[in-house]
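Chains as they are written, first to last, in full-length UniProt numbering: chain A, 1 to 206; chain B, 1 to 206.
Errors might be hidden in some of the hints.
Pairs of lysine-lysine, DSS-like flavour, derived with a Cα cap of 30 Å [to be verified]: (1) 24/A with 110/B; (2) 155/B with 200/A; (3) 19/A with 192/B; (4) 19/B with 200/A; (5) 192/A with 60/B; (6) 200/B with 200/A; (7) 192/B with 115/A; (8) 156/B with 192/A.
Covered, in the sense of this in silico footprint (three residues per stretch, anywhere, with C-beta under 8 Å from a C-beta of chain B), are these stretches of chain A [stated by the list, open to error]: (9) 68 to 79; (10) 163 to 177.
Read the hints as simulated data drawn from the structure, not as lab findings. All residues carry an ideal CB built from backbone N, CA and C; glycine is no exception.
2 protein chains.
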Amino acid sequence: MINPQGLMIVLSGPSGVGKGTVRKAIFDHPDTEFEYSISMTTRNMREGEVDGVDYFFKSKKEFEQLIADDKFIEYAQYVDNYYGTPVDYCIETINDGRDIFLEIEVEGAKQVREKFPNALFIFLAPPTLGHLEDRLIGRGTESDDIIKNRIETAKKELEMMSLYDYVVINDEVDAARQTIQSIVTAEHHNRKRIEQQLRKHLLEVD
Amino acid sequence: MINPQGLMIVLSGPSGVGKGTVRKAIFDHPDTEFEYSISMTTRNMREGEVDGVDYFFKSKKEFEQLIADDKFIEYAQYVDNYYGTPVDYCIETINDGRDIFLEIEVEGAKQVREKFPNALFIFLAPPTLGHLEDRLIGRGTESDDIIKNRIETAKKELEMMSLYDYVVINDEVDAARQTIQSIVTAEHHNRKRIEQQLRKHLLEVD
């Protein structure tokens, strides 16, 4: 085995860009070999969402207890709700040689980057900010004020692109999915990640 | 258009690793969108090779005149023969926004890296050095001394892996082809390559 530790794959990007839709397309696809790290949140369940599938839905009190117990890789408060990534499953998965996929908000991604600088950071971007506005209005779950607020946040979040390894534009879900799969494949062949073990392996004359 | 200049893709690796076979698989595949930079060489044509398809076959005298005229991106003398990459077609192709693919020897790749640090460098590695020896013997075109010499050279060439961005093990040609395609797709989304233009593009509210 060339690369016994799995990759930590972080998909993030502005709120409303379609991270959840792309993540679903990835995990609905038969070629996907990585594990999904289900986030925890205190926000309300949206129509069609399932507890333990889309998110673990928790109360604020429960969430704050887990923070106190240091049970998150990252967590963030965003539009009055907490979002976080439980630590145990992620660590088990990569230590077991499998890739783990995190779909998280940009503030959380920043925390992951500090703790796991070798993780793979993919920024999902809207085709333009105009598209992002359309998506948020189309979703119909947020008020005008919240949408305006989100667009301002999105502008700031776009500035955070510089912290990512790759940028994928979400103009077509299946194209974005394919690109993300290619990025993961490529990173398994990133020389910096594999050189040490590869060198040892290649010099064995079998 | 996000990335108007094409990528220069450099596939290299030890002699005998199967660069030509992988390159053929890439260009026989309908998904391949990049252009092939046909190398020039003074070595003898092997059975099945075609002048102007596999290489431009030239005499030593002709090759040396082109060196004098500065008509190569890189050239190298290897096992008494010259191998080189003609410059004009490469530059035209990337300036035209298309990717150009170079399959070259490791000495040449080193020269390309000095001149084009932004090129994409992929190292094709044998599963082990034992496999490389088998391939060279199986090819049946080289004497025992040349094979021994090549294995020694290959060991030195493996040390050059550190100069590459990616390492692909050639244990199965079609798998290597797919991996290389994924790497090229990924690099088109490499944040460092595209950030500046992307930022300008995204902030347009259309």
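These are the hints, each one checked on the structure:
1. 24/A with 110/B: violated, 42 Å
2. 155/B with 200/A: holds, 12 Å
3. 19/A with 192/B: Holds, at roughly 22 Å.
4. 19/B with 200/A: Distance ~22 Å between residue 19/B and residue 200/A Cα, so the pair holds.
5. 192/A with 60/B: violated, 39 Å
6. 200/B with 200/A: Not OK: residue 200/B and residue 200/A at ~45 Å, beyond 30 Å, violated.
7. 192/B with 115/A: It holds: about 22 Å lies between the C-alpha atoms, which stays within 30 Å.
8. 156/B with 192/A: holds, 19 Å
9. 68 to 79: The restraint on the segment 68 to 79 of chain A is violated, since only 0 of its residues have a Cβ under 8 Å from chain B and three are required.
10. 163 to 177: With 6 residues in contact (Cβ-Cβ under 8 Å with chain B), the coverage given for the segment 163 to 177 of chain A holds.
Hint compliance for this structure: hints 1, 5, 6 and 9 are not met, and every other hint is.
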